[in-house]
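Peer 1: First to last, the protein sequences are chains A and B.
Letter by letter, the first sequence follows residues 27 to 449 in this note's numbering.
Letter by letter, the second sequence follows residues 703 to 1060 in this note's numbering.
Rather than coming from a laboratory, the hints here were simulated on the basis of the structure.
Glycine residues also receive a C-beta, built at the ideal position from the N, C-alpha and C atoms.
You may find that some hints are simply not true.
[Stated by the list, open to error] Label pairs and their in silico Cβ distance ranges:
1. Arg-75(A) with Asn-878(B): 47 to 53 Å
2. Gln-381(A) with Asn-878(B): 41 to 47 Å
3. Tyr-970(B) with Ser-341(A): 43 to 49 Å
4. Asp-767(B) with Gln-381(A): 34 to 40 Å
5. Val-865(B) with His-394(A): 56 to 62 Å
6. Gly-1014(B) with Arg-433(A): 41 to 47 Å
7. Ser-341(A) with Ala-753(B): 37 to 43 Å
8. His-394(A) with Leu-905(B): 57 to 63 Å
9. Thr-885(B) with Thr-296(A): 49 to 55 Å
10. Val-901(B) with Val-368(A): 54 to 60 Å
11. His-394(A) with Glu-962(B): 24 to 30 Å
12. Ala-323(A) with Tyr-970(B): 53 to 59 Å
[Stated by the list, open to error] Computed cross-link-like contacts, SDA-like style, restricted to lysine to any residue with a CA-CA straight-line distance of at most 20 Å:
13. Lys-966(B) with Ile-432(A)
14. Lys-361(A) with Glu-771(B)
15. Lys-431(A) with Ala-938(B)
16. Lys-361(A) with Asp-968(B)
17. Lys-317(A) with Ala-380(A)
18. Lys-966(B) with Glu-771(B)
19. Lys-966(B) with Asp-362(A)
20. Lys-431(A) with Ala-947(B)
21. Lys-853(B) with Ala-973(B)
22. Lys-431(A) with Leu-946(B)
23. Lys-344(A) with Lys-966(B)
24. Lys-277(A) with Met-253(A)
25. Lys-81(A) with Asn-92(A)
26. Lys-395(A) with Leu-842(B)
27. Lys-405(A) with Ser-781(B)
28. Lys-431(A) with Leu-939(B)
29. Lys-431(A) with Phe-933(B)
30. Lys-395(A) with Gln-779(B)
31. Lys-405(A) with Leu-946(B)
32. Lys-344(A) with Leu-958(B)
33. Lys-304(A) with Ala-321(A)
34. Lys-361(A) with Pro-764(B)
35. Lys-160(A) with Lys-105(A)
36. Lys-727(B) with Ile-435(A)
37. Lys-966(B) with Ser-354(A)
38. Lys-431(A) with Met-943(B)
39. Lys-431(A) with Asp-941(B)
40. Lys-105(A) with Asn-92(A)
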Amino acid sequence: MSAARRAVVLALGALLFAASEARAIDTCYNCHRNETDERLVGPTRNILRDIHFQKGLTCASCHGGNPADSEATAMDPDKGFIEHIDHKSIVKVCTKCHADAAYMKHFNPRPYIFSVEEFQTSVHAQLAARGDTKVATCTSCHGLHGILPHTDPASPVYKTNIPRTCAKCHNAEYMAGHNIPTDQFERYSQSVHGRALLEKGDVSAPACNDCHGNHGAAPPGVSDITMVCGTCHGREGELFVKSAMKAGMDKLGKRGCVTCHSNHGVQHPTDAMLGVEKPGVCGDCHPHGSKQDRATAVIVGGFFGLRDSLTVSDSLLKTAEVLGMETSLGREAWKDAQDHQVGIRAGLHSFDAAQITGALGEGLELAHKAASQGRAALKDWRNRRIGMALSLIVILFLIVLLALKIRQIEAGQKAPGAVSERT
Amino acid sequence: MIGRLIDWLNGRLGLDTFRELAEHKEVPIHRHSFWYYWGGMTLFLFGVQVATGILLLLYYRPSADEAYESVRFLMTQVSFGWLIRSIHSWSANLMIGAAFVHMFSAFLLKAYRAPREATWLSGMVLLGLALAFGFSGYLLPWNQLAFFATKVGTDIPGSVPLVGHFVLVFLRGGENITGGTLTRFYGFHVAVLPATATVILSLHLYLVQRHGMSVPPSVEDAGGRPRMMKFVPSFALRDAMGWLAALGVLALLAALFPWELGRKADPYSPAPAGIRPEWYFSWMFQTLRMLPSRILGLEGELVGVLGITLAGLGWAIVPFLDDPQGRGRRARVWTWVGIIAIVYVLVFTWLTYRDVKR
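Bound conformation, chain A alone:
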């Protein structure tokens, strides 16, 4: 048996032993699992896979009472038993352990320590404090009586399940009466982030909590939205924060990144977004003929000029490559120009005309260099063919001359070149 298999068997054995031990002394589980009333048996159905149960905690850890007592006295409210933990008490019960760093270290040397202070900054906690019982609490997201670690793909808070978990509450039906949008999940599902996470299973794509936070969940404010996006889109965020555009937007109360890119329904940005004319997004704020329109036209024109130059030079190089010509120098220039184009796409977030125009000039120069290399390769290819044709004519002519010379030398001889019988 390999070491890995032995370790797995030992781990499973330990888990089973721990569970059976728990069952042996947990009279709550032993009685409730044999009940017929769904209200009583329900909590036992998934409890064996609950991370708490597997770590040795019992029903009494949350509900109190005496798990060693097999009689009804085990559930004596005077001895701390709580039959039903109400909505506002759930956080207190959970934080009893999860906010206790010393206790949590028993289970994990680097535990996540729940911050009550952070939780209180959340819209959920603030509404709960005002007595709203529909608002999310720990069990709303993590489940209960079968709680899985967030790393388990079956957990409702596993990365790819988070949007649907949030949408359990953030939908039109549940949110009736709350004056907030409820189309976030539909829009997110169709967004570049949503498609990456939900369709491709790309866990590097952001889910709800990556922008709104986990336990301190709240909508990002006007001033911090750029920081939220900039967490992943660092270069763009950094340039935008320093830009005059950000200052202008702040004055007008516009929400940074989302003003152009939208929030939940954010799509893969395309070059078509540039410009005042639709589908460009600049026209949403800057009218035709405005000073900004004229400035944008120069940049946008230069950008599309670079894009066209890249397309043309790529086509020239590809044609030359198909013909077997050496184009690596041109291809290097083309790749540098393409890198410039990518850099300029990020650099547009600086809204600094001089900086963008300078980068565009460099990119165009490289693209032109690539194109001229491609044209030179094609010209060379044509010249080679002409050279080949001329050389073949000369070679053929020389062969004919040699043939005539041989005929002349051998004229009158008995056989071609024959001069003697072998002696």
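Dock chain B against chain A, hints included.
Peer 2: Just chain B now, with coordinates in the frame of chain A:
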């Protein structure tokens, strides 16, 4: 004036000896005379190799950092650099092709019979040197395909017990293909192999001159002595026609199918798809690929390498194994061995390219 210069040179160099040699050298005329031209064709292509190789040397820089860039510079910035490199690469392939034709025709026409055993042996050494030229030259542009093909190629002798690891380290200049391997291959390609080839080629030409052209037994048996053709000018002019035709083919190939440079070698990137040795090694490569992993308790590749080595040795000493007169049952058996060898090489070469296409 020119006459006096020739007289002056003749007095010191003995040019008359060469003139008399040329005047008296004759070539038999019969239905197989066509095959006599292949030795000269191989020699001509070797000459093209030497001339273009010297021109390439003017720009080539033999280090892992500069080799690829220097070849690219030559191909893109130097006037006719692309042509020189393409002709060098194509003529290398044509030369090996011509050498194979020369060898197989000499084998089937029994040209190795006494007293030409040494001519045959020196020819075999020259073919081995041509293959070594090809193998060492393939790595010099330091591109991705050559890098990995050389790795596979040098892995093969490494599988031989006792001496295999030593050979591998000797060829690579270490355990891995590095800049050291490139320098080593460059040394082989431009110094060791040319010097050796010059000596062996001189010996081969001397032996051809000494023993003259072999007449196949079938022609001798047909009765009568074959008529003879003057080497100069009749045969030499026909040779020149063939060489001009070869030059035309080279121009055609270089212009229509310029030799690719590919991407620079990157030891850390995965091996490119379609990796295979040059065509003249591919029948051996295919043989090793098709062998089972174990044969009689030994590694299949080891059995393959030993088998090919033994077959090569057997082929080299055929003058001593075949009937000295090239007639009779034993001679017919060896003729069939030659035909089977040709078919084997052709079929296994084709199989490699069919597999690569797939």
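Peer 1: It remains to establish, for every hint, whether it holds in the given structure.
Peer 2: Okay, the hints, checked on the actual structure:
Between Arg-75(A) and Asn-878(B) the beta carbons are some 51 Å apart, a value that agrees with the proposed interval 47 to 53 Å. The hint said 41 to 47 Å for the Cβ distance between Gln-381(A) and Asn-878(B), and at roughly 46 Å that hint holds. In this structure the hint that Tyr-970(B) and Ser-341(A) lie 43 to 49 Å apart at CB is violated, the actual value being about 32 Å. Under the hint 34 to 40 Å, the C-beta atoms of Asp-767(B) and Gln-381(A), about 35 Å apart, fit the expected range.
At about 58 Å, the beta-carbon gap between Val-865(B) and His-394(A) stays in the expected band of 56 to 62 Å. Restraint check, Gly-1014(B) to Arg-433(A): a C-beta distance of roughly 44 Å satisfies the suggested window 41 to 47 Å. The beta-carbon spacing between Ser-341(A) and Ala-753(B), approximately 38 Å, falls within the hinted interval of 37 to 43 Å. For the hinted restraint 57 to 63 Å between His-394(A) and Leu-905(B), the CB-CB distance of approximately 59 Å keeps it satisfied.
A beta carbon spacing of about 50 Å between Thr-885(B) and Thr-296(A) agrees with the range 49 to 55 Å that was offered as a hint. Checked against the hint of 54 to 60 Å, the C-beta distance between Val-901(B) and Val-368(A) comes to roughly 59 Å, which is consistent with it. Between His-394(A) and Glu-962(B), the C-beta spacing of about 26 Å keeps the proposed range 24 to 30 Å intact. Hint check: Ala-323(A) to Tyr-970(B), Cβ distance near 46 Å, so the stated range 53 to 59 Å is violated.
Distance check on the hinted pair: Lys-966(B) and Ile-432(A) sit about 50 Å apart at the alpha-carbon level, beyond 20 Å; violated. Distance hint between Lys-361(A) and Glu-771(B) is fulfilled; the C-alpha atoms sit about 17 Å from each other, no more than 20 Å. The hinted pair formed by Lys-431(A) and Ala-938(B) meets the criterion: a straight-line CA distance of about 12 Å does not exceed 20 Å. A threshold of 20 Å between alpha carbons decides the hint, and for Lys-361(A) with Asp-968(B) the separation of about 18 Å falls inside it, so the pair holds.
With a CA separation close to 16 Å, the supplied pair Lys-317(A) and Ala-380(A) stays within the 20 Å bound. Restraint check for Lys-966(B) and Glu-771(B): the C-alpha separation of about 8 Å stays at or below 20 Å, so the hint holds. Distance restraint check for Lys-966(B) and Asp-362(A): the Cα-Cα separation of roughly 17 Å lies within the 20 Å cut-off, and the hinted pair is therefore satisfied. The hinted pair formed by Lys-431(A) and Ala-947(B) meets the criterion: a straight-line CA distance of about 16 Å does not exceed 20 Å.
Among the hinted pairs, Lys-853(B) with Ala-973(B) is consistent with the structure: their alpha-carbon atoms are about 10 Å apart, no more than 20 Å. For the proposed pair Lys-431(A) and Leu-946(B), the alpha carbon gap of about 15 Å is at most 20 Å, so the pair holds. Straight-line distance between C-alpha atoms of Lys-344(A) and Lys-966(B) comes to about 19 Å, which keeps the hinted pair within the 20 Å bound. Annotation: proposed proximity of Lys-277(A) to Met-253(A) holds, straight-line Cα distance about 18 Å (limit 20 Å).
Note on Lys-81(A) and Asn-92(A): the hinted pairing holds, with a Cα-Cα distance of about 19 Å set against a maximum of 20 Å. Under the criterion of a C-alpha separation no larger than 20 Å, the hint pairing Lys-395(A) with Leu-842(B) is inconsistent with the structure, at around 29 Å. Between Lys-405(A) and Ser-781(B) the CA atoms are separated by roughly 14 Å; this keeps the pair inside 20 Å, and the hint holds. Taking the CA atoms of Lys-431(A) and Leu-939(B), the gap is near 8 Å; set against the 20 Å cutoff, the hint holds.
Of the supplied pair hints, the one linking Lys-431(A) and Phe-933(B) holds, its CA atoms being roughly 15 Å apart against a limit of 20 Å. About 15 Å separates the Cα atoms of Lys-395(A) and Gln-779(B), which keeps this hinted pair within 20 Å; it holds. Note on Lys-405(A) and Leu-946(B): the hinted pairing is violated, with a Cα-Cα distance of about 27 Å set against a maximum of 20 Å. A distance of roughly 17 Å separates the Cα atoms of Lys-344(A) and Leu-958(B); the hinted pair therefore holds under the 20 Å criterion.
For a cut-off of 20 Å, the pair hint linking Lys-304(A) to Ala-321(A) stands: about 17 Å separates their Cα positions. Taking the CA atoms of Lys-361(A) and Pro-764(B), the gap is near 27 Å; set against the 20 Å cutoff, the hint is violated. Between Lys-160(A) and Lys-105(A) the alpha-carbon distance is near 30 Å, which puts this suggested pair outside the 20 Å criterion. Our distance criterion of 20 Å between C-alpha atoms is met by Lys-727(B) and Ile-435(A), whose separation comes to about 17 Å.
Restraint check for Lys-966(B) and Ser-354(A): the C-alpha separation of about 10 Å stays at or below 20 Å, so the hint holds. For the proposed pair Lys-431(A) and Met-943(B), the alpha carbon gap of about 11 Å is at most 20 Å, so the pair holds. Proximity of Lys-431(A) to Asp-941(B) is assessed by CA-CA distance (about 13 Å); at most 20 Å being required, the pair is judged to hold. For the hint linking Lys-105(A) to Asn-92(A), the alpha-carbon distance of about 8 Å falls within 20 Å, and the restraint holds.
The structure fails hints 3, 12, 13, 26, 31, 34 and 35 (numbered hints given earlier, in ascending order).
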